[in-house]
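Given chain G, put chain A in place with the hints provided.
Sequence lines, in order, name chains G and A. Using the working numbering, you'd call the opening residue of the first sequence number 1 and step up by one each time. Using the working numbering, you'd call the opening residue of the second sequence number 1001 and step up by one each time.
Everything labelled a hint here was simulated from the structure, so no lab data went into it. These numbers come from a predicted model, not from an experiment. Treat the hints with care, as some may be off.
As the list claims (entries may be wrong) - One side only, chain A facing chain G, incomplete, derived with CB under 8 Å:
| no. | residue |
| --- | --- |
| 1 | R1262 |
| 2 | K1263 |
| 3 | G1276 |
Unchecked claim - Dumping the calculated EDC-like pairs for lysine to aspartate or glutamate here, alpha-carbon to alpha-carbon at most 16 Å:
| no. | chain 1 | residue 1 | chain 2 | residue 2 |
| --- | --- | --- | --- | --- |
| 4 | A | K1195 | G | D143 |
| 5 | A | K1407 | G | D57 |
| 6 | A | K1156 | A | E1060 |
| 7 | A | K1275 | A | D1298 |
No residue lacks a Cβ here, since even glycine has one placed at the ideal position from N, Cα and C.
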Amino acid sequence: MSRVRAALTPYALIFPGGVWLAIFFVVPTVVMLSLSLQSGNVADGFVFTWNWQSYVDGLTNYHDQIIRSLVYGLAATVIQIIIGFPVAYWIAFKGGRHKSIYLFLLLLPFLVSFVLRTISWQFLLSDNGMLLGPLKNIGLLPDDFRILATPYAVIGGLAYNFLPFMVLPMYVALERIDPRVLEAANDLYAGKFQTFLRVVLPLSLPGVFAGVLMTFVPASSDYVNASVLGGTSTTMIGNVIQNQYLVTQDYPTASALSFTLMALLLLGIFAYAKALGTEDVLEVAAR
Amino acid sequence: MSNPSMQDPSFLRGLTQPRLGRRDAFRVAGLSAAGLALAACGVKGKGVARPTTSAQAQSEVEKYWADKVKNGHVDFANWPLYMDPKQPELKKFTKQTGITVTYKEVIQETPSWFAKIQPQLAAGQSIDYDLMVVTNSIQLTQLIKLGYLVPLDHSKMPNFTKNVGERYKNEAFDPGNVYTVPWASGMTGIAYNPKYIDTPPTSYAALWDPKYKGKVGMMSDSQEIANFAMFLLGIDPEKSTPADWDKAAAKLREQRDSGIVRKYYDQSYIDPLAKGDIWLCQAWSGDVFQKNLSDGTDLKFVIPEEGATIWTDNFMIPKTAANPVDAITLIDFFYEPVNAASLAEYINYVPPVPTAKEFILADAAKASGDDKKTLEMIAESPLVFPSPEVYSKLRTYRTLADATEQKQFESTFQPITTS
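Chain G extracted, bound-state conformation (with noise of 0.2 Å):
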């Protein structure tokens, strides 16, 4: 009886989260992949006829938006990792007895909508705000100067919101390297600067991975900090296929682009991996 519950238990444990995943993963995403298959209108009815042109549309009409998306979320998560690292690095090695402190700090921005957050960028960059007003009155900077709907907006704010995401890792990675290692560096005659870059950065990589899995995905498919702070020419691939799924109705060539994102953004992460000579991309992230 007990070698039959010792059998059945593992299938006990990964009985709730697989039903959740079933449900609410796996259904939705064949559901979408058979929309990006079908064709008609949402008066008439859709119906499944192997339409792979919606692929062929989503990616004729809507190569510049892709490419975009890949460059803004390339772009935050580079300017996350320039500022996050210092952060985590300081954390986890100067932290002291106020790490936790540090990283409630860090944590706290999250506690304000994500939405209002970005909305709150607005008011800040204002042409004439609190910002850029001064700067101009005093001539710093010409009356014609802007932030807002810019390229530059929609990456600032892409990096600003998902910073902690990237911070976090990296910090776990860091907090747990051995200080005896460091130590060890030590004895054997390596400089601050050598130890760093020989055994702290090494053996911070996974984190710095998991941090780019966790911001650059969400990042690149976004379309809050495009629509809130950016102009014309900013649209990225989420506002895109938002606007196909809600106000076009166009549901195949929405669910079409999806997938193509999902694809090249896979694609993304395992050339990364690869890159790095990571064997099993999926072990270092859960690490």
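Here is chain A on its own, set in the frame of chain G:
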């Protein structure tokens, strides 16, 4: 032939053709099952036919309203800046009828509102509102076509029958007011902030003027931008052809690519205009007045010399409404001229009740000082009570007949705003 077995046809077949093993058979079965699963996900059409005869319409009305009773409450969804925030009319309504009203300004743009409510309506679920106001548009036509709206019982709307203006009885998008009756009409024109602009714009060309580079706001609604470009090109949008659309789209792309347009907005254009992020933009006639009234700004609105579009925002009851009787009572309440007048005094849009003008003038006679001047100005304003000459310059939106035409229109103009 040295080897006789080579001539055995079954042996040859075995060499040249793959054999289907049991495993392959399962694989094929699995693939076709997946194919079936994909095919089973088709989305059913929801179209219903509009009643063709009045008898048919009448029977649909009777069928719907037969078992509906007054519940004492109504949930009302409307656009921002569309009623005095103190809601005097609704308070009066509650006092008169005992029906309480929850009023929410949740509609920012027709397409996105439609997108929000469409899944619930398709599933036959409540959208939490008994009454909503939607502009005549592609989406309004779809709401009717998909059977999402309640056929209105005109016997429950005596004030409407008595007081509605002649021109509202036979609008192209809903002749005979089967599903909709107007809340207010307005024009789409140009709004500007005189703090930054010295010479008032008089033509659509101002929105294409390079000296306002990066300071022009356009709307994200395909029909609104299309109309502006067509007026500029001297095309009547109401009678435009697909060839005209292409010309208009080229003009709009030119405007965007030369950096003149800062951004494509929904109703959120009004704050950036007041802050100076944009200096001039496409705007709806009443918004500017209300912004001025409520926030003390000094924004201006003009109807360009080329003409402008007039649109109608319409009351309608979604099919899944919980309190339709209360909703239709509220509709009719706004058709009492005195109530229509009090609403127009605040929102500065065209009331569908022409006799409201007398009530506004009567209010003006009673008032004094600035109030008197404002009320007189409203009663005489061509934007609230357009004269026949103004009407002759106004055009309505192009009605897009079917799905093919809609798709062609959207695919011409939508890529401009989602560049």
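Against the structure, the hints come out as follows:
1. Taking 8 Å as the C-beta contact cut-off toward chain G, the hint placing R1262 of chain A at the interface holds, the least distance being around 5 Å.
2. Residue-level restraint check for K1263 of chain A holds (minimum Cβ-Cβ distance to chain G is 4 Å; threshold 8 Å).
3. Because the closest C-beta pair between G1276 of chain A and chain G is about 5 Å apart, less than 8 Å, the hint holds.
4. Note on K1195 of chain A and D143 of chain G: the hinted pairing holds, with a Cα-Cα distance of about 14 Å set against a maximum of 16 Å.
5. As the CA atoms of K1407 of chain A and D57 of chain G are separated by approximately 14 Å, the hinted pair is consistent with the 16 Å bound.
6. Restraint check for K1156 of chain A and E1060 of chain A: the C-alpha separation of about 15 Å stays at or below 16 Å, so the hint holds.
7. Using a Cα cut-off of 16 Å, the hinted pair K1275 of chain A and D1298 of chain A holds, with the two alpha carbons roughly 11 Å apart.
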